[in-house]
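In case you want the letters, here they are:
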Amino acid sequence: MERRTKLILLTHGNWGEELLEAAEMIVGKIHSCEALGLMPEHAAADYRARLDKAMEGEEEILLLADIKGGTPSNIAAVYARREEQIQAVCGLSLEMLLAADRLRMEYSGRELVGKILEEVEEKLTDLKK
Amino acid sequence: MPKYIRIDERLIHGQILQKWLEYTCCNIIYVIDDEVAEDPITQSVLAMTVPAKVQVEFLDERSGAKRIRETKDTVMILLKSLETLQRLFELGVRTERVNVCRLPYAPGKKMICQNLFISDREEEILRRIIREGIDICIQTVPDNDEIHMKDLLPERAEGRREAWREEQS
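Residue numbers (the working numbering), protein chains in the order written: chain V, 1 to 129; chain S, 1 to 169.
A couple of the hints might just be wrong.
EDC-like, lysine to aspartate or glutamate: derived pairs with alpha carbons at most 16 Å apart [said to hold, decoys possible]: (1) S/150 - S/135; (2) S/110 - V/41; (3) S/80 - S/122; (4) S/80 - S/35; (5) S/19 - S/143; (6) S/80 - S/57; (7) S/150 - S/132; (8) S/109 - V/41; (9) S/109 - V/46.
For the record, the hints were derived by calculation from the structure and aren't laboratory data.
Sequences and hints are given; from them, build the entire structure.
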């Protein structure tokens with residue numbers, strides 16, 4: 001089997017771990033996925049070091065960060081713009097994580113990012129209508 | 001011109017975008033940092049995150065100090081470190097107040113307040129700035145209470161003697 005893109009969840013606080021658990025409630029065990037929470041006491045340099053460790057030995061990586069402009073997202077954006085094999089998106093949600101996990105079976109790289117964003121956008125719904 | 005100077009190693013991030021920009025009514029940000037001034041990737045990432053009406057300039061310390069002295073606008077000035085603040089003062093920047101958000105832990109630093117760790121060198125810089133009558137105010141977001149650095153670092157006897165000696169010389 002071709003190696004799957006590794007997913008790394010970058011969040012304010014540790015809700016990425018909870019999110020991963022919630023996703024596993026729906027689809028079962030999610031492999032090659034790690035959550036890295038940024039806590040108020042963390043220095044940006046330490047957070048980058050933890051991220052480096054999480055990416056060690058991986059060929060294809062997708063960073064999923066929470067809010068646009070937050071530190072996790074800014075760090076992810078810098079990595080993605082520097083390294084060919086690192087992709088990054090923000091707007092992390094359960095919807096996005098499930099889409100990423102499913103779509104990485106079929107797609108990788110820029111194509112994977114495009115497919116995920118397309119799907120998540122489609123799912124945003126005003127439920128009253 | 002009102003200036004809002006903040007020390008925050010993350011520069012532009014959630015707290016700035018969600019809270020401080022609106023609170024300070026700033027539409028111009030100067031990010032002053034010698035490293036970032038030469039790092040187009042970090043610049044492009046930080047610039048991507050601000051609302052369209054906000055203008056961001058990335059400056060090294062020397063040109064940053066010049067811009068601050070000359071500008072007539074209300075500007076938010078973001079710095080990573082106390083060392084940069086000290087050099088801006090040496091380059092003629094004046095202000096009554098500086099906001100410090102957090103100073104991250106590193107080996108050898110001591111904690112003086114939640115999320116605020118300082119080295120001996122940083123403590124000296126802080127004491128010197130406080131002696132000059134500048135209010136260093138610790139506040140993460142505008143809704144939090146302010147803590148004043150001078151209450152955390154009460155003046156020491158040797159500090160007073162040093163100040164006295166400086167006055168005499």
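Hints, one by one, checked against the model:
no.	hint	in the structure
1	S/150 - S/135	holds, 8 Å
2	S/110 - V/41	holds, 13 Å
3	S/80 - S/122	holds, 13 Å
4	S/80 - S/35	holds, 10 Å
5	S/19 - S/143	holds, 9 Å
6	S/80 - S/57	holds, 15 Å
7	S/150 - S/132	holds, 11 Å
8	S/109 - V/41	holds, 13 Å
9	S/109 - V/46	holds, 15 Å
Checked against the numbered hints above, the structure breaks none of them.
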